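Sequential numbering from 1068 applies to the sequence shown in my numbering.
Just so you know, the hints here were simulated from the structure itself, not pulled from any lab data.
Among the hints, erroneous ones may be present.
Derived CB-CB ranges, DEER-like [as the list claims (entries may be wrong)]:
(1) D1173 with E1084: 18 to 28 Å
(2) E1112 with E1132: 35 to 45 Å
(3) R1149 with E1128: 21 to 31 Å
(4) K1072 with G1124: 24 to 34 Å
What you are looking at is a predicted structure, and each value in this text was computed from that prediction instead of being measured.
In this text, a Cβ means the ideal position worked out from N, Cα and C, and glycines have one as well.
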Amino acid sequence: MSVNKVILIGRLGADPEIRYTLDGKPVASFRIATNEVLVKNGEKETLTEWHRLVAFGRLAEICGEYLSKGSRVYVEGKLRTRKFEDKHGQTRFVTEVWVQNLQILDRKGEETASEAKKSLPSKEEIPELPEEFPPLSDEDIPF
């Protein structure tokens, strides 16, 4: 038996991108940042990790309707790795989280200032997204 389960809490780095398959099914792709505070030589250092996420069907529509840059979310999903060729003809791999469950954590009135500061970046602190991998194309969608 094996388990492929991912649980993340983080903030979106940009608005979700919504696309549609040839048969009209919605697919949302977006990235979230998670932070970890490390102490090195008595100095606090924040390490930001970016995660690529993909949602399908009704969940993709919800992402497009309710999420935006800086939204704080709880995500459960599974890891999937896909292969593609970059613009230089090199074979590259990218690992994504296929979202199975998502909860929006920053609804109005529910998040206090102290909760927002707990090791998660504010909207202003989210660094620009790295462009090391291209966005999903229609050929990358598995259905």
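Now the hints, each set against the structure:
no. : hint                         : verdict
1   : D1173 with E1084: 18 to 28 Å : 20 Å, holds
2   : E1112 with E1132: 35 to 45 Å : 36 Å, holds
3   : R1149 with E1128: 21 to 31 Å : 22 Å, holds
4   : K1072 with G1124: 24 to 34 Å : 20 Å, violated
This entry does not satisfy hint 4, going by the numbered hints stated previously; all others are met.
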